[in-house]
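Here are the chains, one letter per residue:
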Amino acid sequence: MTDRSGASRRDFLRAGLAGSAAALASGTLARAAGPDPAITELQPWMTELGEGVDARPYGKPSQFEAHVVRRNVAWLTADPISSVNFTPLHELDGILTPNGLCFERHHAGIAEIDPAKHRLMINGLVDTPLVFTMADLMRFPRENRVYFLECAANSGMEWRGAQLNGCQYTHGMIHNVMYTGVRLKHLLDEAGVRTNGKWILPEGGDASGMTRSIPIEKAMDDCLVAFKMNGEALRPEQGYPLRLVVPGWEGNMWVKWLRRIEVGDEPWHHREETSKYTDLLEGGKARRFTWVMDAKSVITNPSPQAPITHGRGRTVLTGVAWSGRGTIPRVDVTIDGGKNWYQARMDGPSLDKSMHRFYFEFDWDGSPLLLQSRAHDSTGYVQPTKDELRAFRGVESIYHNNGIQTWYVNEKGEAENVEIS
Amino acid sequence: MSRFLEATLALSLVATPAAADRLGLGRPALTEEIAAWDIDVRPDGQGLPEGRGDVMTGEGLYIDNCAVCHGDFGEAVGRWPVLAGGQGTLNHEDPNKTIGSYWPYLSTVYDYVHRAMPFGNAQSLSDDDVYAITAYLLYLNDLVEDDFELSRENFAEVRLPNEENFFMDDRDEVELPAFTREPCMENCKETVEITARAAVIDVTPEDTAARERRAAAPTAEPAAEVAAATPEPAVPAVSPEQVAAGEKAFRACQACHKVGEGAKNGTGPALNGVVGHAAGKAEGFKYSKAMAEKVETGLVWTPEALDAFLADPRGFMKGTRMAYGGMKDADQRAAVIAYLSTFAED
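Residue numbers (this note's numbering), protein chains in the order written: chain A, 1 to 421; chain B, 422 to 767.
There may be inaccurate statements among the hints.
Straight-line Cα separation of at most 25 Å, DMTMM-like style, residue types lysine to aspartate or glutamate; simulated pairs [to be verified]: (1) A:Lys276 x B:Asp459; (2) A:Lys276 x B:Asp465; (3) A:Lys276 x B:Glu578; (4) B:Lys669 x B:Asp593; (5) A:Lys218 x B:Glu578; (6) A:Lys276 x B:Asp591; (7) A:Lys198 x A:Asp222; (8) A:Lys198 x B:Glu725; (9) B:Lys610 x A:Glu411; (10) A:Lys276 x B:Asp515; (11) A:Lys285 x B:Glu496; (12) B:Lys749 x B:Glu578; (13) B:Lys610 x A:Asp365; (14) B:Lys610 x A:Asp363; (15) A:Lys412 x B:Asp442; (16) B:Lys710 x A:Glu112; (17) B:Lys739 x A:Glu237; (18) A:Lys117 x B:Glu714; (19) B:Lys739 x A:Glu112; (20) A:Lys218 x B:Asp591; (21) A:Lys276 x B:Asp752.
The calculated label-pair distances, taken between Cβ atoms and stated as ranges, are [said to hold, decoys possible]: (22) B:Glu594 x A:Ala116: 56 to 62 Å; (23) A:Asp221 x B:Lys702: 54 to 60 Å; (24) B:Asp442 x A:Ala116: 27 to 33 Å; (25) A:Asp221 x B:Gly705: 50 to 56 Å; (26) A:Gly231 x B:Glu714: 34 to 40 Å.
Hints were generated in silico from the structure; no laboratory data involved. Fair warning: this is a prediction, and the values are worked out from it, not measured in the lab. All residues carry an ideal CB built from backbone N, CA and C; glycine is no exception.
Input sequences plus hints: build the corresponding full structure.
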């Protein structure tokens, strides 16, 4: 990135909304070499009849979108049963993640549960241990909330330095959907939590029997027991027929295939909150119960899997930002590696503990770029650099890497995951 | 109209009860039901069942049920979790986080093995089995002698060495003050240098289209080790080398499958006389419904069919109980099949 481009951006800002004028001024419009066959030739779909309404009872994306899929990094885990794949963030826009593209993390594969045989039990320090069927749960008042779910290990491969080339892999352990469910508080009230009930232990019905300890304050505050995502039933890989929603907290706690909630007076210190999901710091001590997801952002386009292919001129940069502590009122963007920053344009709903969308439109002069985004959340927290994080944590903590991501874009528009001084 | 309003009001009152009010939904859980599901264990020993198990018993159980993934000494096979060793490495580069070096509480071991292990056959171990395996894992970590017996009574006395090195999340106090600030927006630095590049490491999986483009390019470099190995057709001829390689590769199967003289059914069926014969013939083995259906259609375990099954068990036979993700390497599969073909029917 050169000063020249920085100046042109500032000029553009001064010019305000004269974007199209700037584009015209930067060069003449390309002329067609000849008539475009896409216009002059009859295409099959212009003459032939398509499939009728019964051909696709459950609609799927166009055949031309077949490359838009979750992807796995095979070397990360021992096998694909207890493993993770990644949301293709670079192919998405807006704030909602389509159900079929929400990243998956399983510890014993996808449990295929017959909802007629699914039960939710509440036991432990309650007045009346209870069992609910799915039909029982439908009789509680329902709520609709949009929340991001981010795996605590998202970007975990990047602690030692730039490693994976693509925001799908560096940041794709996240999705953002609208849940329909009932407040966990209603269910706990129904059982009657005793005064010494200070923690809950949600448990999954899959073969890993996933468990996590959650303080009763969070359980009574905004946790949901959800059965719908984006309006339809949870997908099997997202916990059908029932999952816990723990807004703003690490994804591992959002127990899928939820079958039981125990109330206790102390945490259980189970495998996923001791051996895993604890953050080893330099010197050998480890943080436990690091539940909240810190504010974070990433530029999804351009990025290594989504290079600039149109050459110089008008360019739309976009990305997503989120915080486990609230909303994202502001995202800053730099195209020169942090010499100068500009406030991005936020667009779309700004919801508590939900993903936010930002855009930054500029005229690319064809010189190399160093792109970064920096999220500010509603508490005033500003996303740190990776080196600032390392100063507190070292490089061995695996989890909660919310450092600023850098993409290097070369003259051809190709992007690469890098770190900079 | 007013009656309608009254009714609506009454409904909304019911719908938003005070905290103490209950909707009367669900039903009381029975004691037997709670006992069936509530198997969780805490560091203070709450939840531990009656029982006991010693190191020597644990060793046998561990070899049969755990070593296939975790290695004979807890050193792990491939990327499965390492269970033993690593003491003194937490403040080093590449810390080795094991039960002995990292885990704070022994109850976590009991709880997890009891609820989720062995992988693919969860909750198949008896309470005593889990005590014995837990005792053996302590032994593998040099925390007890080989004559040690673990029981509900002495469980809480065992402390793991790293317990004191965990502390409650302190980001709010330590990090938030530093990261809550108005950052620089203009002329923030003089120069910028690239200090690290992902392309140099080259461990990113590529999609097929990208790989084909790269292969087509005249200057294409060989893909890194993460690129999928090109599958080669299995060689039908059986060579001694291949059989030897197959015997080695068969270790991945041994926890569940026995083969050779006197081999009996275990978690999976015994595998004598499988290659080239009709599927589902292991006497006395209770096959999955999926397998029974395949048997009805006349499935024969030709080398080709076995190869497809071993490559992707669930893809080949949706609903199979074989808890194995698949053998990715075509040569390895061919070797295992060659090895199995040397065992005739009993």
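Keeping to a limit of 25 Å between CA atoms, is the pair of B:Lys739 and A:Glu237 held or broken? holds (16 Å)
Does B:Asp591 lie within 25 Å of A:Lys276 when you go C-alpha to C-alpha? holds (18 Å)
For the pair we were handed, A:Lys117 and B:Glu714, check the Cα-Cα distance against 25 Å. Given pair A:Lys117, B:Glu714 holds - Cα atoms ~24 Å apart, limit 25 Å.
Assuming the hint says 56 to 62 Å, is it satisfied by the Cβ distance from B:Glu594 to A:Ala116 or not? Once the Cβ atoms are compared, 49 Å apart, the range 56 to 62 Å for A:Ala116 and B:Glu594 is violated.
Within 25 Å, alpha carbon to alpha carbon, are A:Lys412 and B:Asp442? violated (66 Å)
Can the restraint linking A:Lys218 and B:Asp591 be considered satisfied, given a maximum Cα separation of 25 Å? Distance of about 18 Å is within 25 Å: holds.
Within a Cα-Cα threshold of 25 Å, do B:Lys710 and A:Glu112 meet the stated pairing? Distance of about 15 Å is within 25 Å: holds.
Given the hint that A:Lys276 pairs with B:Asp515, does the C-alpha gap stay at or below 25 Å? Since the Cα atoms of A:Lys276 and B:Asp515 sit roughly 15 Å apart, the hinted pair holds (cutoff 25 Å).
For the pair supplied as a hint, A:Lys198 and B:Glu725, confirm whether the alpha-carbon distance does not exceed 25 Å. violated (57 Å)
Using the Cβ atoms, figure out if A:Asp221 sits within 50 to 56 Å of B:Gly705. Given range 50 to 56 Å: holds, Cβ gap about 55 Å.
Given a hint of 54 to 60 Å, does the C-beta separation of A:Asp221 and B:Lys702 actually sit inside it? Holds - the Cβ-Cβ distance for A:Asp221 and B:Lys702, about 58 Å, lies within 54 to 60 Å.
Pair hint outcome, A:Lys276 versus B:Asp465 [Cα-Cα no greater than 25 Å]: holds (20 Å)
This entry does not satisfy hints 4, 5, 8, 12, 15, 21 and 22, going by the numbered hints stated previously.
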